[in-house]
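**Q** The residues making up each chain are set out below.
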Amino acid sequence: MKQHYNTGISGVMSSSLPVLPISLEEKYLKLLDSQQVTMERELSSGPTAPLHTPYVKNTGVVESFLSSVSEFSSDVHCTSVPQYERQPVSASYISQPSSSSLSLSSTYSSYSGTCQPSMSNYPKESAEIAWCPDSLQGVLDYSDNVNTMNDQFQSSCVMTSDNLIKQNEWPDLTDLMNGDWDDFLDNRDATEPQPKTSDLHVVYPAAHASTDLSAHHSQIYQSVRSHSGEQRAVSSLSSSANAAPAKQRMRWTPELHECFVEAVNQLGGSEKATPKGVLKLMNVDGLTIYHVKSHLQKYRTARYRPESSEGTSEKNIAPLEEMPSLDLKTGIEITKALRLQMEVQKRLHEQLEIQRKLQLQIEEQGKYLQMMFEKQCEAGIDKLKAPSNEEDPSSQYSDLTHNVTKDGISEKDQAETENCPSGAIMLEECSRQVGDKQKILEPDADIRSNMIRSHSSPHKRARSHDADVSSATSAFY
Amino acid sequence: MKFGKRLKQQIEETLPEWRDKFLSYKDLKQLVRLISTTNPSPNAEAEFIDLLNAEIDKFNTFFVEQEEDFIIHQKELRERIKTVIETFGPGGSQPSEAEYAAEMGRIRKDIVNFHGEMVLLENYSNINYTGLAKILKKYDKRTGGLLRLPFIEKVLKQPFFTTDLISQLVKECENTMDAVFPVVAQEQAERGEREALMAAEQSIFRNTVAALVTMKELRKGSSTYGHFSLPPLSLPDADLLQSFQLPSPIPIQ
Numbered sequence: 001m002k003q004h005y006n007t008g009i010s011g012v013m014s015s016s017l018p019v020l021p022i023s024l025e026e027k028y029l030k031l032l033d034s035q036q037v038t039m040e041r042e043l044s045s046g047p048t049a050p051l052h053t054p055y056v057k058n059t060g061v062v063e064s065f066l067s068s069v070s071e072f073s074s075d076v077h078c079t080s081v082p083q084y085e086r087q088p089v090s091a092s093y094i095s096q097p098s099s100s101s102l103s104l105s106s107t108y109s110s111y112s113g114t115c116q117p118s119m120s121n122y123p124k125e126s127a128e129i130a131w132c133p134d135s136l137q138g139v140l141d142y143s144d145n146v147n148t149m150n151d152q153f154q155s156s157c158v159m160t161s162d163n164l165i166k167q168n169e170w171p172d173l174t175d176l177m178n179g180d181w182d183d184f185l186d187n188r189d190a191t192e193p194q195p196k197t198s199d200l201h202v203v204y205p206a207a208h209a210s211t212d213l214s215a216h217h218s219q220i221y222q223s224v225r226s227h228s229g230e231q232r233a234v235s236s237l238s239s240s241a242n243a244a245p246a247k248q249r250m251r252w253t254p255e256l257h258e259c260f261v262e263a264v265n266q267l268g269g270s271e272k273a274t275p276k277g278v279l280k281l282m283n284v285d286g287l288t289i290y291h292v293k294s295h296l297q298k299y300r301t302a303r304y305r306p307e308s309s310e311g312t313s314e315k316n317i318a319p320l321e322e323m324p325s326l327d328l329k330t331g332i333e334i335t336k337a338l339r340l341q342m343e344v345q346k347r348l349h350e351q352l353e354i355q356r357k358l359q360l361q362i363e364e365q366g367k368y369l370q371m372m373f374e375k376q377c378e379a380g381i382d383k384l385k386a387p388s389n390e391e392d393p394s395s396q397y398s399d400l401t402h403n404v405t406k407d408g409i410s411e412k413d414q415a416e417t418e419n420c421p422s423g424a425i426m427l428e429e430c431s432r433q434v435g436d437k438q439k440i441l442e443p444d445a446d447i448r449s450n451m452i453r454s455h456s457s458p459h460k461r462a463r464s465h466d467a468d469v470s471s472a473t474s475a476f477y
Numbered sequence: 001m002k003f004g005k006r007l008k009q010q011i012e013e014t015l016p017e018w019r020d021k022f023l024s025y026k027d028l029k030q031l032v033r034l035i036s037t038t039n040p041s042p043n044a045e046a047e048f049i050d051l052l053n054a055e056i057d058k059f060n061t062f063f064v065e066q067e068e069d070f071i072i073h074q075k076e077l078r079e080r081i082k083t084v085i086e087t088f089g090p091g092g093s094q095p096s097e098a099e100y101a102a103e104m105g106r107i108r109k110d111i112v113n114f115h116g117e118m119v120l121l122e123n124y125s126n127i128n129y130t131g132l133a134k135i136l137k138k139y140d141k142r143t144g145g146l147l148r149l150p151f152i153e154k155v156l157k158q159p160f161f162t163t164d165l166i167s168q169l170v171k172e173c174e175n176t177m178d179a180v181f182p183v184v185a186q187e188q189a190e191r192g193e194r195e196a197l198m199a200a201e202q203s204i205f206r207n208t209v210a211a212l213v214t215m216k217e218l219r220k221g222s223s224t225y226g227h228f229s230l231p232p233l234s235l236p237d238a239d240l241l242q243s244f245q246l247p248s249p250i251p252i253q
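So the protein lines, in turn, are chains B and A. Under UniProt numbering, the first residue of the first sequence carries the number 1, and numbering increases by one thereafter. Under UniProt numbering, the first residue of the second sequence carries the number 1, and numbering increases by one thereafter.
Okay, chain A solo, but in the shape it has when bound (with noise of 0.2 Å):
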């Protein structure tokens, strides 16, 4: 149950439009229960997978969707940058310092989000996994059924969940950031309250931190907690994530 409810959280917490997108992981439990109780016709475990088939196919065109959507944008925020360089920059046609500082300042905004838009869409990649593995685990479980493993390969190998393309934009997001805006030792000052509340205002951000505590919380422990289960994250910043947390309309704990 545990994970159903953080499934639910993170739904809520989540971009809007990504709210239809996610694992419909209270229904199919509920056809796994129902499939286990009732007599078993040979039909159910093909009517299940087909379930799952379509919950993976949701998640795959979606997730490729957006895929193309940041590979356009990460060229285009790119050609921004250059031309900015090239126009308002110190050598560049209309050299003009204001300009070049506003440009850039909205370029870094956009950058930022640019990459919690990417790592969240790895989030979601990640959460579906974890609900179609815990599902697959019950339909065996209560089944007797031997679906889960052959069944978790294919998972592994679709699109929603191979996110190197996605892995590689963020990281040359990352690179892009440090070229751009480099670290100016004045900028490490300590971090104020007031940052963390304007930080704490963009839903990205608010999504991250609950990504980030959620991933903890199911990690941390469970009743099935064993030898297939991944082991407990461990955040060194943790208390300051946890300062992070708003209050939301849905309380996280």
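If we strip away everything but chain B, and leave its shape as in the complex, we get (with noise of 0.2 Å):
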């Protein structure tokens, strides 16, 4: 029984099993498939419309695999992400993959050609959760378990190849990354409907998140952070060209590590493995030296110091562990704590994930409306200009600015909602219903036909809400 069932990663199978309890073998056995199952799940159960994926059942799944795994040949090792890095960034290069996501072969090096172009520029998070439906209807084609397994094969090459790529030092894209990233970023959107932004960011340093923001800024930006010198040479690309051999801080995955693990084993072991051998022979595009260097050292202070690998104060755990474990009663004591230490832990990461979805949704939500806002405004501002609207706006706007001077909004801020007033006004009311999660007040039908009909009559509506605008827009977050 080996670690490398949960993650479909595997060096040499052995078709043996060893001897044990048939019961914690299989409960543990069904553990890491569930796991291996699940992650699949949750992998292809992102935001994108759920996928067909033939998915078979645990016991299913093991048996199957190891069937196949047993068709593999012996030299399966962790081969390199594909080529396709080597392409220069270019419109092919993030165009759907349509023949390169078919060629799924049987073997596991074969995992060089499933990786998908189109993949790498999303951001990691995109990645583990969403896959590209269109690039992933190529992979699901196939219905058997060989495929289930260079299913999430592939998703944890693509995760890798991800990563990644986005600390390859292209000498190519040095330019890019300090001149054209619009043009670049446009050509993005050609295939993905996500915004304009960052996603090749991922790994850089949030610096060049600011690329999006006015012109202004971003130059101001760029020559700023050109000139901060060191501290984000360290960690941004653009600047890599000078210090490329710097450490570049990248994403490490389960998958990366199993790969990781597996050349280390190969090579003897965590003490005779050499970073320079592990990296070849983990053979993966973008992984520098430094990379392995750091991660081996940290998986030896792992193996050797169980306790601390992470550095934590174990020291604080002492008072348990003086304990004798042969007092039957305090056993019982101590393992009644750790249960309550367990469910609280569960508690609050319970509560953190519905945290984190909520503010997802809030920003989501923001967007969208900030989106509608906008297109309000550009027909509002025909309307307005139209005679015989101009007295109800210009009452709209009093009220309007006035609400908006209240909360100490600077002039700036009132010229820019002259133009949409109507559109501030139900920009708050929407956002009402963005942040009552219990219960929904209007459906879309009704923002928008409250939309045209603020625009072009007088504001009772705008009168009503003078409480809720003021108080709806300083509660902003």
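Rather than coming from a laboratory, the hints here were simulated on the basis of the structure. Among the hints, erroneous ones may be present.
[Claimed, not checked] With a cut-off of at most 27 Å between alpha-carbon atoms, the simulated DSS-like pairs for lysine-lysine come out as follows:
(1) B/346 <-> A/138
(2) A/8 <-> B/367
(3) A/137 <-> A/58
(4) A/26 <-> A/5
(5) A/138 <-> A/21
(6) B/357 <-> A/82
(7) A/137 <-> B/367
Mind docking these for me? Both chains are given alone in their own frames, and the hints should help you get the complex.
**A** As structure tokens, then:
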């Protein structure tokens, strides 16, 4: 029973399982299985539409896993993430992989052929949880378990390449880095619905995030950044041309780690393995020796001092540790205490997940509303220009600006809201719907009709919502 | 001010190595105040953004590194479990109930603490995000800027906020716990005070409790509670949680 079961990336698989008590073995196997399947499920059931995959039940996966595994030759090792990274950054690079995704062959080494270029530009999060449905279709056409494995393999490969690609020091990109973000991002827009921002920036310093702000800002930022010297150079790719060997932050995944462990084991263990050897054996594009080196260091520490691999203050655990484990009563108490601790931790975890989802939702809605707001704004300006509407809008203006001033927003903001006063009102009103998780006040159709109505007619609505506006404006987060 | 105080408390309670990795909320707030009162130069916003980005970098670096550690640790735990089963387990090479129990006891503790750390990292991520969002809101409010919306979108994509992997590791941890240490009926006895005390001595546990309480407090409602705010948090065991809070150097209330 090897740990590779749960990730799908394995080295040489032994076909004979060690003799273990059936119950524990089965349980553990099932556990690892279900984690594998769960991971696959989780990976594929992201925000995009759920994908049809022929997921097999737990035991089924194990058995077929074993059988298909035995087909693989023993020269399986982590092969490189594919050559697409060598391609120049162009539309083709990010275009939907038509043929490459379908070239799933049945050996692990094909992992190189299955990586899909289009995925690489996704931020890591979306690569993990929301694969591009189009590119996945090719993958999912296969119905046998080999491809279930490869699926996962692919996802891990994609994840890996996804991370690594960002680290890759393409000489031809450095120019792009400095100058042509817009062009580059424009290309991506053709294939992805995602906003033209920072997908590539995931592992870059947040510095890059500012390129989407007004040109003014981004220019300042870039110039500031290039002058800021050392601290940025370490983690920013654009200056990596000079600091190429410097540490670039990269994001490890369990799959990549498996690959790493596999390589280390092949080289005789964590003590014998050298960073260079491991790097070569892993053969993952974009992975530098510095990454491997630091990871190897962590790995060694973890193995030889398992209790303190994260440098946690394990000293605090000492009181429990000192208690003799032979004392049964104390043992039970320890167990109870641990269970308690676990429960509270689980609780916190749950709440954090919920909170995070809410936060994402709120921002998602905010974005949508902003968009609608802007659209209506344009329509509104036209309408407001018409003479018949002049008086009404001005009364709206005064209401709104009055409210807005109350909140201490400056002139600049007033000028902006003046153009779309009703839009702003509607925005705030809509935000009420967003924030209120439990009940939706008005369906979308109403929003639209409200917006249109308030553009052309004077504002009872505005006045009656005075209080709401001022409170909502200030409670924007 | 409430968030600032809460954040400070969390930082005090947190694991020592984490203390300087949190958001410099107070400093940023002061900067916002400065920007809004003095004549705002065109550079002010850029500087502010710079600072925010620096903070985000800090989060990212720390988070990604912790994540890496967790990945390694998780694998090691699994290996350990396997080894113990294979060696000291009933069908193993050197079956020994005593050794098995001892090792499993240690592993159990490790798993629970490992789980706790990961959850605390999630909490770290969340509280920093919250802080950033609040600062951006303050900035927009005070300077009339429109920085918040686009900026927060970028934040949402940052490594430190994309906690899916950690979440997955946490779940796997829970599953491993359930599989290797299944719940036995007799263990579900009433929670004694002693156990609570023992648990509460662990800094991770205290941290976790503090985090939950903080979260609850933060969402209770404020002067600016409104439509973009998160709904109040209701925890079924709220009173139980309160009982876990040992007197600490800095009073929670």
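**Q** Now tell me, hint by hint, if it's right for this structure.
**A** Status of the hints after comparison with the structure:
{"no.": "1", "hint": "B/346 <-> A/138", "in the structure": "violated, 33 Å"}
{"no.": "2", "hint": "A/8 <-> B/367", "in the structure": "violated, 31 Å"}
{"no.": "3", "hint": "A/137 <-> A/58", "in the structure": "holds, 21 Å"}
{"no.": "4", "hint": "A/26 <-> A/5", "in the structure": "holds, 9 Å"}
{"no.": "5", "hint": "A/138 <-> A/21", "in the structure": "holds, 22 Å"}
{"no.": "6", "hint": "B/357 <-> A/82", "in the structure": "violated, 35 Å"}
{"no.": "7", "hint": "A/137 <-> B/367", "in the structure": "holds, 15 Å"}
Consistency with the previously given hints fails for numbers 1, 2 and 6, ordered from lowest to highest.
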